[in-house]
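Novice: Sequence:
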Amino acid sequence: MMNLDRPRARLRLDTALDDLASAFRGMLARPDEHNCECHWGSAEDLAQLKVADTELDPDLLQRTWQAVDWSDHSSVLRRILPQFATALASGLIKSHFRMEEVGRSFARGRWQQWPAEQAAALNEFLQAWWVHTLTDPDPGVPAYEVLVLCAEASGTVSPWLRTWEVLTDPVADQHLAEAVGHWGDDLLGDRLPWHAREDEEEMRVELTVWLVHHAPARLRGLGVSEELLHRVRLLGAPVLIAGRTCIGPPGHRY
Numbered sequence: 001m002m003n004l005d006r007p008r009a010r011l012r013l014d015t016a017l018d019d020l021a022s023a024f025r026g027m028l029a030r031p032d033e034h035n036c037e038c039h040w041g042s043a044e045d046l047a048q049l050k051v052a053d054t055e056l057d058p059d060l061l062q063r064t065w066q067a068v069d070w071s072d073h074s075s076v077l078r079r080i081l082p083q084f085a086t087a088l089a090s091g092l093i094k095s096h097f098r099m100e101e102v103g104r105s106f107a108r109g110r111w112q113q114w115p116a117e118q119a120a121a122l123n124e125f126l127q128a129w130w131v132h133t134l135t136d137p138d139p140g141v142p143a144y145e146v147l148v149l150c151a152e153a154s155g156t157v158s159p160w161l162r163t164w165e166v167l168t169d170p171v172a173d174q175h176l177a178e179a180v181g182h183w184g185d186d187l188l189g190d191r192l193p194w195h196a197r198e199d200e201e202e203m204r205v206e207l208t209v210w211l212v213h214h215a216p217a218r219l220r221g222l223g224v225s226e227e228l229l230h231r232v233r234l235l236g237a238p239v240l241i242a243g244r245t246c247i248g249p250p251g252h253r254y
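What the sequence shown shows, in this note's numbering, is residues 1 to 254, in sequence order.
Heads up, a few of these hints could be off.
Claimed, not checked - Simulated DEER-style distance windows between Cβ atoms:
#, residue 1, residue 2, range
1, ASP169, GLU198, 28 to 34 Å
2, PRO170, GLU227, 18 to 24 Å
3, GLU198, LYS94, 21 to 27 Å
4, ASP199, ARG63, 24 to 30 Å
Stated by the list, open to error - Distance condition first, Cα-Cα at most 20 Å in a straight line; then the derived EDC-like pairs of lysine to aspartate or glutamate:
#, residue 1, residue 2
5, LYS50, GLU37
6, LYS94, ASP138
7, LYS50, ASP32
8, LYS94, GLU145
9, LYS94, ASP72
10, LYS94, ASP59
11, LYS94, GLU55
12, LYS50, ASP14
13, LYS94, GLU44
14, LYS50, GLU33
None of these hints come from the bench; they were simulated from the model. Here the structure is a predicted model, which is why all the values come from computation and not from measurement. Glycine included, C-beta positions come from ideal geometry on N, C-alpha and C.
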């Protein structure tokens with residue numbers, strides 16, 4: 001178990017942002033990259049993506065990461081990534097479809113296939129931002145949304161849940177209580193609380209099992225309502241429908 005103080009988490013995040021800026025310095029969209037002037041932006045907007053290391057205005061940045069029809073999404077994403085990551089960590093990026101849409105933008109860029117230094121820099125940013133979020137009593141983006149973003153960006157919830165598991169202090173536990181309150185109805189209805197790009201059922205099962213195993217003791221330590229604790233207990237109830245995955249607390253037999 002680990003209790004990581006907020007200043008160290010902030011330092012790690014600042015270092016990750018600096019390293020990201022270094023790793024992606026000089027990145028450009030492809031010379032022949034284009035998009036619809038009617039729906040995306042003007043030729044002048046497009047030209048800015050082909051000039052390195054200049055900041056975009058917030059509206060152009062938003063339109064750029066949200067667009068799904070770039071011919072080379074990876075190059076466009078790398079062009080905007082230092083500014084995009086800083087805006088994310090500052091809580092300045094908004095999405096009509098919550099943070100899963102941001103995670104999908106990362107996934108479309110196939111960042112795990114980038115050169116090793118670039119992939120490592122983005123991975124460390126996501127990890128550092130996640131840790132900082134869990135240590136911040138009032139993060140710019142709620143922890144349950146950052147988890148969704150990281151899960152969609154990486155295609156898995158496993159490493160992000162492992163971090164939450166070992167980061168044990170009242171702030172991280174409070175974020176857990178907020179997440180249970182936010183996700184409970186969906187999970188009780190056997191639905192993942194977001195629309196996953198892939199492996200939706202596997203993510204739902206893993207998230208549910210993790211909450212059943214780890215949330216009760218941490219929530220009781222916060223003194224949360226009995227109603228919230230009961231939601232977690234219901235998640236551990238046996239599923240009796242044929243062919244369904246049975247989920248329950250450790251040691252439970254069906």
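Novice: Flag every earlier hint the structure violates by its number, smallest first.
Specialist: 9, 12, 13
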